[in-house]
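So the protein sequences, as listed, match chains A and B.
Note that the working numbering has the first sequence beginning at 1, numbered continuously upward.
Note that the working numbering has the second sequence beginning at 1, numbered continuously upward.
FYI, nobody ran anything at the bench for these hints, they're computed from the structure.
Careful: at least some of the hints might be erroneous.
What the hints assert, rightly or not - Chain B stretches covered by chain A per the calculated footprint, using a threshold of three residues with CB under 8 Å from any CB of chain A: (1) 197 to 211; (2) 345 to 355.
Stated by the list, open to error - Pair ranges (Cβ atoms, derived): (3) A/ALA29 x B/PRO73: 49 to 57 Å; (4) B/HIS19 x A/ARG61: 41 to 49 Å; (5) A/LEU62 x B/ALA333: 26 to 34 Å; (6) A/ASP46 x B/GLY332: 36 to 44 Å; (7) A/MET1 x B/ALA333: 48 to 56 Å; (8) A/GLU22 x B/ARG187: 49 to 57 Å; (9) A/ARG61 x B/GLU264: 40 to 48 Å.
Being a predicted model, the structure only gives us computed values, none of them experimental.
C-beta atoms are modelled at their ideal positions from N, C-alpha and C, and glycine is treated no differently.
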Amino acid sequence: MRIEVDRDRCCGSGNCVLAAPEVFDQDEADGLVLLLRAAPPPEAVDRVRRAADVCPAGAIRLT
Amino acid sequence: MTATAATDLPLWPPTNPDHGPFALLDEAERGRLAGPVTRVRLATGSTAWLVTRHADVRQLLRHPGLSANFEKPGFPLLRPLPPQSEVDRQGGFIRMDGDEHTRLRRMLTAEFMIKNVRRIEPLIQRTVDESLDDLQAAGPPADLVEAFALPVPSMVICHLLGVPYADHAFFQARSRTLLDRTAPVDRVRTEVRELRDYLRELIVARQTGADASTDLISRLVRDRVATGQLSVDELVGMALLLLVAGHETTANMIGLSTLLLLREPGRLDALRENPDRAPALVEELLRYLSVVRTGLPRLALEDIEIGGRLIRAGEGVIAVLSLANRDPEVFGAADEFDPYQQAHQHLAFGFGVHQCIGQPLARAELRIALVELARRFPGLRTTATPEQVSTRDTSVVFGLNSLPVTW
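Just chain B, same shape as in the assembly (with noise of 0.2 Å):
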């Protein structure tokens, strides 16, 4: 291998966030990271290999000799790491391999598995009815992010958690810092641990009483924690993921969707008119948003090769989702938005065995949602001009910081 030093590398994510919403990459961007695989360098100092077409995404995200434990060395991080102690790790599966991770990934499995948000979706369309309710009273113009986008996955995620909604400015605001790659690594620290003192707080205080909730807080506490299956901390850490996963995520993607159908006339005239089409569009909007935009990291522990390139074990390696979401030998012309796309294939949730658990309750949010956005506010626009939509380009998971709207 020549020896490149790691300066003249492209950096990973790319900086520039003057492309607008919808634009994965500029043009300087896209030849330095032509790819398929290429070597790159991260904020943190340290390098890493970049996977970005969608069969190589595949292949590497389902293969067994990667990690996706953040602390091991050498490990791609986009961010430096907070110290953390025993304690702070526990639960969080996400950053777990092999049988760790599966043992508590199946605490959950049925909790989100299809039929079980079909039983959900009354839940959810109450909570989309109430919120556009609400947006209709107050009348324009409004904020579509605040008013709609991130209360409604946040509203659900707290009543199947069993977490009080009237909380939701101190966890959204720590959940914020949390996923952002620029703030000070103490700052993250520090508001990790208050979120995870007020979660076992909550839980603490469902083993002492009487308990008798449904919701899945209380239900893992009986089932698990009382039977010695599952620790107080670990339960705190599932709670964690699922409380900032749960409604980041989806809010990011309505909002950006929104945005999506107002920009083009008739978008959102078109699935009033024919709703059944919602799923397939939803899908379409997953694939073309891609709202984990800076990718998936990963470390290889043996010798692999992706894309006719050799990684080798110790080496970093980023899976970006977004980009294999726009590969033109899977999805044709595949930067442009195609509400016909076939696009299940699509790899927005992830791949390899932690691909996103809560998938079958974010597609029914954003099918609900913007279904109901068009039924109800036929005349909507956005008054912003598209150099005014602010992004969030540094967070973890990409979206709108607002998006003004009138009817």
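With the rest of the complex left out, here is chain A (with noise of 0.2 Å):
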């Protein structure tokens, strides 16, 4: 699995931070995602997907 966050489309609702901290986070400048790891570790994999349909910019893609 492959992620690929767009930043020009979060809201920065901090659902995928929610999902997944361990691949996910915001940045401190403005809130926005910031992708920790563009391939998650296998145990992470569902909370990926979980975060990727919360999103509620759609602003998370997986491949």
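Starting from the two chains in their separate frames, assemble the complex, guided by the hints.
Now the structure itself:
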């Protein structure tokens, strides 16, 4: 799984951080999504899918 | 399309308040609004499409072809819009679209991000502790809404914004008018102006003094207004939005949640014994109680297909978060409150780019308030029978008028 995030779309809701904190964070400067790793560890894959699902802005793309 | 007289359409929101605080609709209303996409009439005389399924509400609120701008012709208003001047609409980004919305919202996203709210948690904890100290000192009986549910989020948002809590009676009364769908438009206009004037004075005072305060208004004055990125009137509108949204919604969630936990023996005990489960409980409370019950109105700017229906450009749509949060396809026995429900996909904070910016703050306030209440008041019970509980049926944010308790 590869993760891409779109900071232009991001609305800073933080749902991705709640779902998978080892993969997503928020930028101190603007609160927008920070991708900590583009390839999630196997145990986080389900939660990354959930993060993409609950992102209100559709700013997380999984391939 | 068959022509149907607007008067034959079901009314949204429905007006029967007799089903209590936890049922969203009565049987007859359920039949009329079965959907999944139903044409309804609104109290303002216009019509709209009511969207109630979880998947449809998500699709709708993420769609770029919808406008949140109340002033666009054809917008499905749930109540008449007071006439507004150019100044009145400044800064209210909840009603803006596209870049205009993004520009203002992004000035606040860092403020409410999760790690920043974690830094604020000691303030929330202190506020909760002090309110409960006062409640304990005053002794039973008490109105839990007045003594706890309302003051806690109100004090927290005042502290964060830099608004004196001593003025709470002034802004709480006006917030209530602003959210009341049945308030006369002239009164709404007057009270919104009073709130804006009040906030403008606070802001102007900070522009003139050598202000080193660290509250949000002071920082926005220094970092955004002084640098020419934001006008005073825009900051007034943003502060107004945060002040109103920051206490009304969470206050109603605390009141309703307490009642729900008290209704079933053992729920409060379970929370006291397992405070680690509080975050999951909070999500289920948000799902089940969904305080923005009348939904989010939007205007279609282009033809959009939702739930097998073609919604045409210029038509109004209402995304009913509360009904989507009771969608059995997603939540199973959705009309049952289940503390073990995995409710993380609920839509209580909305969806799309307007989703509640303060949600980490709301979650933290609700969790800390309920955990401490359960811990310190093990014998808490309500003295009101279900029929005696008075609800705020005409408010945009549903809640209890009061919650009589003893312990």
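Verification of the supplied hints:
1. Check result for the stretch 197 to 211 of chain B against chain A: violated, 0 residues qualifying (beta carbon to beta carbon below 8 Å, three or more required).
2. Counting residues of the stretch 345 to 355 of chain B whose beta carbon lies closer than 8 Å to any beta carbon of chain A gives 8, which reaches the threshold of three, so the coverage claim holds.
3. A/ALA29 and B/PRO73 have their C-beta atoms about 39 Å apart, which leaves the hinted 49 to 57 Å range violated.
4. Against the hinted window of 41 to 49 Å, the Cβ-Cβ separation of B/HIS19 and A/ARG61 comes to about 42 Å, which satisfies the hint.
5. In this structure, A/LEU62 and B/ALA333 meet the distance hint of 26 to 34 Å, their C-beta atoms being roughly 31 Å apart.
6. In this structure the hint that A/ASP46 and B/GLY332 lie 36 to 44 Å apart at CB is violated, the actual value being about 19 Å.
7. Take A/MET1 and B/ALA333: their Cβ atoms lie about 33 Å apart, and the range 48 to 56 Å is violated.
8. Between A/GLU22 and B/ARG187 the C-beta distance comes to about 51 Å, which sits within the given range of 49 to 57 Å.
9. Taken as a hint, the range 40 to 48 Å holds for the pair A/ARG61 and B/GLU264, whose Cβ atoms sit roughly 42 Å apart.
The structure does not agree with the numbered hints 1, 3, 6 and 7 stated previously, though it agrees with the rest.
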